[in-house]
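There are 2 protein chains.
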Amino acid sequence: MYAIGIDIGGMSIKAGLVDGNGQIVCSNRSVTDKNQEQSLKNIISQIEDLLSEKSVSVKDIKGIGIGCPGLISSEEGVVDHNSNMKWENFHIVDLLKERFDTVIKLSNDANVAALGETIYGAAKNYQNVVMLTLGTGVGGGIIIDNKIYEGGYSKGAELGHMVIVKGGEKCGCGRRGCLEAYASATGLIRMTKKEMQKNSKSIMWDYVNGDIDKVGGKTAFECSKQGDVSAKKVVRKFVGYLAEGIINFANIFRPEAFIIGGGVSAQGDYLIDKLKKYCEKFNYGYKNAPKPEIVTATLGNDAGIIGAAALVL
Amino acid sequence: MYAIGIDIGGMSIKAGLVDGNGQIVCSNRSVTDKNQEQSLKNIISQIEDLLSEKSVSVKDIKGIGIGCPGLISSEEGVVDHNSNMKWENFHIVDLLKERFDTVIKLSNDANVAALGETIYGAAKNYQNVVMLTLGTGVGGGIIIDNKIYEGGYSKGAELGHMVIVKGGEKCGCGRRGCLEAYASATGLIRMTKKEMQKNSKSIMWDYVNGDIDKVGGKTAFECSKQGDVSAKKVVRKFVGYLAEGIINFANIFRPEAFIIGGGVSAQGDYLIDKLKKYCEKFNYGYKNAPKPEIVTATLGNDAGIIGAAALVL
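So the protein sequences, as listed, match chains A and B. Sequential numbering of the first sequence, starting at 1, is according to my numbering. Sequential numbering of the second sequence, starting at 314, is according to my numbering.
One chain only, chain A, in its complex shape:
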């Protein structure tokens, strides 16, 4: 049985026909249009193209799942607000239902990615999972018994906005010291630059050809692998912040596994081993409770389509 997954992003809308094993059979994409009506038309065309490409009718699919960034009312099927795309009060589920007579579900993109990774990806052996996506910000997804837990009004699971350093670095949300301000790529880059400014001899300067504006999420990690003392210090700090967040969530949810996604997760075991070591030191919060596994996301850019399809599969 197939389902369609729609992965809405700030730049593009990706759609895919997904089979019961979570494999993408075929896919397409359109450019995200700030005009909601145009984006709706694009999505309808994309779905029709997928169905005709595989000669599948709407009756033959289990439904359509949609993942979208921003403020979502999942029960109502509405994108309340997305500042990046300038969408407001977009009743996407009802509008699509006018065209397609099937089950249609909507959730936040971070939740959807977590669901995809739990059902078909990195955590497919687990039912209770917390996913942290480390990118510009820190996205969160909570899976309880193989289902997304969105929090009240589908407005919870904002895991990046947990203060771990009261009075610390400013966060975009208006508070200070959020996990996002430290454990995101943005936080990592800030810490890297700060450390470089303290040590003009660090090989991180060579790595960016002397241009501090070229510092990225890889800079400290790659130079740390080469033994650079300042870079190692940055990685150690970054791991410490992220691990404190993980232990906090372990105490709250005691999941079977954590999934680390986003650009920084490309560091793989070099990051995960350090995280585990830090968490072990503090018994993952509680020495008498089972220790969660920590894994990196495996679905990559496909997590959005597959996770969206998993909403209805």
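A portion of the hints provided could be inaccurate.
To be verified - Away from chain A, derived, C-beta distances all over 10 Å, residues of chain B:
#1 349
#2 438
#3 466
#4 514
What the hints assert, rightly or not - Computed cross-link-like contacts, DSSO-like style, restricted to lysine-lysine with a CA-CA straight-line distance of at most 30 Å:
#5 B/347 x A/287
#6 B/479 x A/166
#7 B/550 x B/527
#8 B/479 x A/225
Worth flagging that the hints you see were computed from the coordinates, not collected in a lab. Even glycine gets a Cβ: it sits at the ideal position worked out from N, Cα and C.
Please build the complex by placing chain B on the supplied structure of chain A, with the hints as guidance.
Just chain B, lined up with the frame of chain A:
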């Protein structure tokens, strides 16, 4: 329809017959015995006494609910470990089932209190609630759709052990900077003493007759009400830590309400108004999401019995 609620504490075991409106019809208590067999015998006698007192048979009750501190495996009905009572691997549910042929459920005491307050107490108009009990430590209870959320293996909801000040005050759990290290009565007393040592003219010294060992959870609050600058500072700090914890949980769970329980909650509106003011300043984490209510617990010492009965009512 009646249910029996058993509230196990370090000092005493309280049992009550509770009606469908969450009212305690009759109750009794025994001294908690470190010998598990003896405590079991006491509980059985207590239940039998309650039933005979109201001429109710086991068939006429909906079941028996038990709240117990320590490490609980709720599905298995086992008290894994309680360091205070020296209990280990106490299969309390199975042992009681040998005597009483009815539904018997067990959960952690903090969870049970949260359930009682949600169904019959301070938050009875809400279905999604987070309760923080401020005592020696900070206990946590999470209610989702009127049911206890215990976390994986029934070992989550350890809300007091969320680091909010990385590298901060030492916590009993082995980490530094946990909410419990600041927002408990213990944390409040430590902050009060520290502030008193900085200011020998504070009226807090008079409040404790010059004996710093007499400082309690009320000292700073009562002197703050009288306008003492140092006491006000302590209260402001305490509120800040607790509010950061509340906003963190708002972002994670977006509950309809928070319940503040435990000794410190006796401060009532004097505490709650300050908490709300702090949380408002940061939009409860997220200006586009509904604001949770903050209320004080109303069931007091009865929360344990009523909440335990609510497990089966």
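To see whether the hints hold, each was checked on the structure:
1. Residue 349 of chain B, annotated as away from the interface, keeps every beta carbon of chain A farther than 10 Å; the closest lies near 18 Å.
2. Listed as a non-interface residue, residue 438 of chain B keeps its Cβ farther than 10 Å from every Cβ of chain A; the least gap is roughly 14 Å.
3. The beta carbon of residue 466 of chain B sits about 6 Å from the closest Cβ of chain A, which is not more than 10 Å, so the claim that it is off the interface is violated.
4. Residue-level check passed: residue 514 of chain B sits 28 Å from the nearest beta carbon of chain A, beyond 10 Å.
5. For the hint pairing residue 347 of chain B with residue 287 of chain A, the CA-to-CA distance comes to about 23 Å; that is within 30 Å, so the pair holds.
6. Distance restraint check for residue 479 of chain B and residue 166 of chain A: the Cα-Cα separation of roughly 8 Å lies within the 30 Å cut-off, and the hinted pair is therefore satisfied.
7. A hinted pair counts as satisfied when its Cα atoms are at most 30 Å apart, and residue 550 of chain B with residue 527 of chain B qualifies at roughly 21 Å.
8. With a C-alpha separation of about 26 Å, the suggested pairing of residue 479 of chain B with residue 225 of chain A holds against the 30 Å cut-off.
The structure shown violates just one earlier hint, number 3.
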